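Participant: The lines below spell out each chain.
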Amino acid sequence: DAKTTQPPSMDCAEGRAANLPCNHSTISGNEYVYWYRQIHSQGPQYIIHGLKNNETNEMASLIITEDRKSSTLILPHATLRDTAVYYCIVRPGGGKLIFGQGTELSVKP
Amino acid sequence: EPEVTQTPSHQVTQMGQEVILRCVPISNHLYFYWYRQILGQKVEFLVSFYNNEISEKSEIFDDQFSVERPDGSNFTLKIRSTKLEDSAMYFCASTGGGWETQYFGPGTRLLVL
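Chains A and B are the protein sequences, given in the same order.
Taking the working numbering, the leading residue of the first sequence gets 1, the next gets one more, and so forth.
Taking the working numbering, the leading residue of the second sequence gets 110, the next gets one more, and so forth.
These are calculated hints, taken from the structure and not from any lab test.
Source: prediction; values computed, not measured.
Each residue gets a CB set at the ideal place from its N, CA and C atoms; glycine is no exception.
Take these hints with a grain of salt, some might be off.
Derived contacts from chain B toward chain A, CB cut-off under 10 Å, selection only [said to hold, decoys possible]:
| hint | residue |
| --- | --- |
| 1 | Gln-150 |
| 2 | Lys-151 |
| 3 | Val-156 |
| 4 | Phe-174 |
| 5 | Gly-181 |
| 6 | Arg-218 |
Please work from the sequences and hints to get the whole structure.
Facilitator: Here's what the structure looks like:
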């Protein structure tokens, strides 16, 4: 079973920041937090990952709390093309990904 | 940018027939995975493959399934005798090192009639 909890759905206005929360209260010290998204049954797309520090790339920012029990994915300026299911996954350094139900993000004009 | 490719994009087959789904991982990657997603459900891990052998498999991956890396570029998933419940999207993924990020292909939609 997935070790994360995410809200099933969220809405966001186009051009605004989308903040997607994830709880992972049982995360172990060697487990990373990964975020993927899936646009309309396409293959999951990697977004970002982190261990304990905040991370930023061209797609998003990842904020991990100091106790590492939760994190937030931030899409700074959401567009209609960001409408997708977003998955938060905790994973040790390697091996399979265990997907939960994710958060269905709807970006509205 | 290198990407994982999968063929065919769609496959329709009759129950009991064999199907082979093909994947071309990113060229310097060494670890390969198959996942599936039944319509409306979660993405589920099937199997991981490294150094020409299965490194992990799920309980879904029973004797009807097999994987192979027949040459230096392809990675295949064979379903020996398809069942109706095998209808799903099948995704291939690859990574350069076991600890690295997995990159997914676009998937093959399999429909078993």
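Participant: Given Arg-218/B was flagged as interface, is its beta-carbon under 10 Å from a beta-carbon of chain A?
Facilitator: holds (8 Å)
Participant: Hey, does the Val-156/B contact hint survive, CB to chain A under 10 Å?
Facilitator: holds (9 Å)
Participant: With chain A as the partner, please determine if Lys-151/B meets the hint condition of a C-beta pair closer than 10 Å.
Facilitator: holds (5 Å)
Participant: With a cut-off of 10 Å, does the beta carbon of Phe-174/B approach a beta carbon of chain A closely enough for the hint to hold?
Facilitator: violated (15 Å)
Participant: Can Gln-150/B be said to touch chain A, with a Cβ gap under 10 Å?
Facilitator: Hint on Gln-150/B: holds, closest Cβ of chain A at ~9 Å, below 10 Å.
Participant: Any CB of chain A closer than 10 Å to the CB of Gly-181/B?
Facilitator: At 22 Å from the nearest chain A Cβ, Gly-181/B fails the 10 Å test, so the hint is violated.
Checked against the numbered hints given earlier, the structure breaks hints 4, 5 and satisfies all the rest.
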